[in-house]
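Residue numbers (the working numbering), protein chains in the order written: chain V, 4 to 440; chain Z, 4 to 440.
If you are wondering where the hints come from, they were derived from the structure by calculation, not from laboratory data.
Please note that a few of the clues may not be correct.
For identical chains, the list gives no copy identity; a pair is met inside one copy or between any two copies.
Mimicking DSS-like on lysine-lysine, the simulated pairs with C-alpha atoms at most 30 Å apart in a straight line are [claimed, not checked]:
#, residue 1, residue 2
1, 176, 186
2, 176, 401
3, 431, 186
4, 439, 176
5, 127, 9
6, 176, 431
Protein chains: 2
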Amino acid sequence: MADALKIGVAGLGTVGASLVRIIHERRDSLANSCGRPIEITAVSARTRNRDRGIDLSGMQWYDDPVALAESGDIDVLVELIGGADGPARASVEVALARGLHVVTANKALLAQNGVALAELAEEKGVLLNFEAAVAGGIPVIKAVRESLTGNAMSRVYGIMNGTCNYILTRMEKEGLSFEECLKEAQRLGYAEADPTFDIEGNDTAHKLAILTSLAFGCQISCDDIYLEGISNITLEDIRAASELGYRIKLLGVAQRTETGIEQRVHPTMVPHDTVIAQVDGVTNAVALESDILGDLLMVGPGAGGDATASAVLGDIADIAKSRPGAQTVPALGRPAKSLEPYERARMRSHEGGYFIRMRVVDRIGVIAAIARRMADSQISLESIVQHSTNGGKEAPTKTIILVTHATTELSVRTAIEQIESDGFTVNKPQVIRIEKP
Amino acid sequence: MADALKIGVAGLGTVGASLVRIIHERRDSLANSCGRPIEITAVSARTRNRDRGIDLSGMQWYDDPVALAESGDIDVLVELIGGADGPARASVEVALARGLHVVTANKALLAQNGVALAELAEEKGVLLNFEAAVAGGIPVIKAVRESLTGNAMSRVYGIMNGTCNYILTRMEKEGLSFEECLKEAQRLGYAEADPTFDIEGNDTAHKLAILTSLAFGCQISCDDIYLEGISNITLEDIRAASELGYRIKLLGVAQRTETGIEQRVHPTMVPHDTVIAQVDGVTNAVALESDILGDLLMVGPGAGGDATASAVLGDIADIAKSRPGAQTVPALGRPAKSLEPYERARMRSHEGGYFIRMRVVDRIGVIAAIARRMADSQISLESIVQHSTNGGKEAPTKTIILVTHATTELSVRTAIEQIESDGFTVNKPQVIRIEKP
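Only chain V is shown next, with the shape it has when bound in the complex:
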């Protein structure tokens, strides 16, 4: 049997600890599948004396991941530190420059520096694998990068943040408010103490940026993504959506349009009878639409120590199975130098259906005026629902819900501005885009 593949693990958090434990427990079956043993020979973490429930004996210890990358007796650096820059980036750059293979679960690092790192890996003829960086345990990177080779992709979209999907699912199933569900998610460890990054869509955006590059052969452009989180989604939206046959999910969507590539992350209404609408809780789902294969949907765990470690292990196994220097899979599916510049489609030209919920003063002619404004913007309506008038001290108001047929973002924005300027609305209209498979 060939020599062992020597692994250095930088970062011993939940994922790192799972990985060390699993590789130790499964050494024989791994060696059998990979044709050679897989051995963790060096590790690095901030604090040495902490009980992680794993046996680190026989492994070189490094306080500094860069030192591990520089001088560790390893073939592969597994980066599980996180962060777009700092020690994560430094250790990966050093490892690649040294001609080591790199496996990382770091979406921020790839979203910001992926193309440069891919170029470096190709120069050195080593692998840069990052299955765990997008949708955790779902092998979507492998699907796009390998299985779909030769396909022209038209759209990639998915539920890529478990925290948001958990919150939206709880809100719908139990009629709880966003705040209550967020607290619950934090209690269960599904959400960080500071949940901003998850609930405002940044985490989804990082993952989407990586997928967009793989799917469309363009450079990664994480800062050009239209971003809208779920924090202003109310129970009223969820109930109205359900009445109309939709469920609300936070989707990341990338699609090729005539004016360029659209990248957007926002709450989205999906038809209730679609498979993706049935994806609940912390589960993730990614849909890939391509011209030869057709539509492919993958559903699975998007986070968690073991699920993420499993994806990292798959990446390590791919390296173990390929002879040193033999592998020519470019990290981003095509040689990094051949990636086209990212051409951004303007959000105003986005086409699709829209759900619009507005609170208006209860006065004769309001609906007629609103309908006229829609018509002025060439928007055709699929349905219009008026909800019961409220009494109370203030002037009586009513809620009007509009669902449009396919139109453009610009038309919708224009119509709403006009309606607001007409003075009928009592608060900012809620607009949710509709995505159909």
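Chain V is fixed; fit chain Z onto it per the hints.
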């Protein structure tokens, strides 16, 4: 750029023709992704003078696929002939023996001769890829063989035959009989003139046998699969299932049990609110349950010329990206010699819930007697429904539907034998197993 990878295509049916067309149309993007051009240099088919809408100029022609495998100027043989033996098997064996890589979409060949072919491929240090053989365009082979490396799998199941799923979906949505839907499927080309192989479950069994070996590290054992088709599923079953919150799908299921590995193909009731229950029409779905990653579900096109060609192309690309002789991925995930003998779990010891529908004479005490027989077999009932008595000339009868909690196949068979021997039933009771995610 490296030399072109030379492909020989044996079989120019729908899939073969799609493959030739796609490789021609996408030569540049393929060369860019793979780091070398992919070129079809030789083809073989039964009839030469037939318009397939593709350009075969510049390709060596062989009437005999074995001759192509023997003497074609190729690096890879793509076998798209079909059949467990005959020219398909002969050409693949010759190609592997000659040290050529082989890509095949032939499930029957692998289900019957997969282990021997894998051994031969490993001896010669070449790749034997067969993504298209299971669930068409869904990259499930890659997921089990590569992404899940190191995972211990507990269950694999799925909808792997589009014909059956189309028929069951039509029956449910349009209230048509099995026969009407089969005719429709044949008219649309979803079903063969002789549909036996699809509707009796043999096609699903072939695919399941391959997945079982990959998932559990055992030898392929296609003839040990418990088999039940969909031809005796009636509208009455589908309606009753739906009343009880289930949908009926033809599933192939392989799972590890205490007494061995269970492989079964049969109509199955799945809870209505599960993702797999939403998979309609000719679409396929495969669920993989493993201990580290958790549950993974993949949904996509299970058949069709282009979707299948896309999977074949992915296999070819994997070969193009790896240096000759460099690849050490064993065809079945582990060295073929290390595969354990298949240890069959007896069907009678299968555990799960059951749906039982029986027509009985409308006589006082019948239900009590039936309930007693169930109790005698230690079967606890989840629900019992009695359907309206029929009038008519014959003696009045009624339909009784039982849904059991988890029990064993043996208990259910025993109870039903006793009920029949009690002389209450007017025709053979319908038994459908329930599968829960």
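**OP:** Identify every previously stated hint that the structure contradicts and give their numbers, smallest first.
**Re:** Nothing - there is no hint that the structure violates, so all of them hold.
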